[in-house]
Amino acid sequence: MDIENYILEMMELGEKLQNHPNIHLVNFNIVEQNAPESIDELSQKLPFSLPPIVIEFYKTVHSIQIRWIRKDNPDYEPDMYDTEGWFNPIEGDGLIYDGIINMLPFEDVFFGEWNVLKNLAEVEESINFNNKQITYKEFYSHIYPFDIWNDIQSSAFYVDKNTADFLVLTTFFHSEDYHQSIITDFESYLEMILHTNGMHDGKYKYYKNYNSEYKVIKTPRSFWTKNNVIDLDSLPETF
Numbered sequence: 000m001d002i003e004n005y006i007l008e009m010m011e012l013g014e015k016l017q018n019h020p021n022i023h024l025v026n027f028n029i030v031e032q033n034a035p036e037s038i039d040e041l042s043q044k045l046p047f048s049l050p051p052i053v054i055e056f057y058k059t060v061h062s063i064q065i066r067w068i069r070k071d072n073p074d075y076e077p078d079m080y081d082t083e084g085w086f087n088p089i090e091g092d093g094l095i096y097d098g099i100i101n102m103l104p105f106e107d108v109f110f111g112e113w114n115v116l117k118n119l120a121e122v123e124e125s126i127n128f129n130n131k132q133i134t135y136k137e138f139y140s141h142i143y144p145f146d147i148w149n150d151i152q153s154s155a156f157y158v159d160k161n162t163a164d165f166l167v168l169t170t171f172f173h174s175e176d177y178h179q180s181i182i183t184d185f186e187s188y189l190e191m192i193l194h195t196n197g198m199h200d201g202k203y204k205y206y207k208n209y210n211s212e213y214k215v216i217k218t219p220r221s222f223w224t225k226n227n228v229i230d231l232d233s234l235p236e237t238f
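Each residue of the sequence shown is one higher than the last, beginning at 0 in numbering that gives the first Met the number 0.
Quick caveat, the hints were computed from the structure, so don't treat them as lab data.
A hint or two may mislead.
The calculated label-pair distances, taken between Cβ atoms and stated as ranges, are [what the hints assert, rightly or not]:
(1) 160 to 222: 39 to 47 Å
(2) 132 to 74: 25 to 33 Å
(3) 10 to 149: 23 to 31 Å
Cross-link-like lysine-lysine pairs, in silico, BS3-like; alpha carbons within 30 Å at most [to be verified]:
(4) 136 to 225
(5) 131 to 58
(6) 44 to 136
(7) 117 to 70
(8) 117 to 207
(9) 15 to 70
Since this is a predicted model, take the numbers as computed values, not measurements.
For each residue, glycine too, the CB sits at the ideal point set by N, CA and C.
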């Protein structure tokens, strides 16, 4: 499916969240990319090639931010969630959300300064990732967070410099856990976001089984059946 259709479905997700009687939609922002030609220019500065779907995405969208909470969530207090403006997930706001998508601008993803990852890249140890032993430097210097939910939970691109594979990893507990993530690709990630409605527990249900086989798991639209779609009325298992 092309990117424009994904964006249309994101807009439909916002409408669905807005109209749901048990959902408080705090904010829903899809910021259009007003300088698509800049993505080509910036891409040429990278030491690797981006997949067409990633380039097309950022030529269409500058950033996406969605935050929502169920009204039956014990932490929900209506007055506290009447917030506006852009949310900084690293600084946080002290509030609990049932669903959050925070896809960063291209410049922040590939040219931002990620001090935690920089520090991890200086660790003189090795890890096992994708059936290979590699150093922390080889791994964490090739991690690019793109969907940040808070200061410890996020999804990131990983560029394998040996195979040129462009993968998606997710961590729920700490940046140091990226190498244990299930490995997917960007199309699978977009499908997951849509079919879990950005629900945090839905994302965890999808990614919770840390990678023991080290293989790329692609989950196209055909993967999402009635048995695993996360409905807004359902409450998937939590951690």
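**OP:** Run the structure past the numbered hints and jot down the numbers of the failing ones, going up.
**Re:** As far as the earlier hints go, 1, 2, 4, 5, 7 are violated by this structure, in ascending order.
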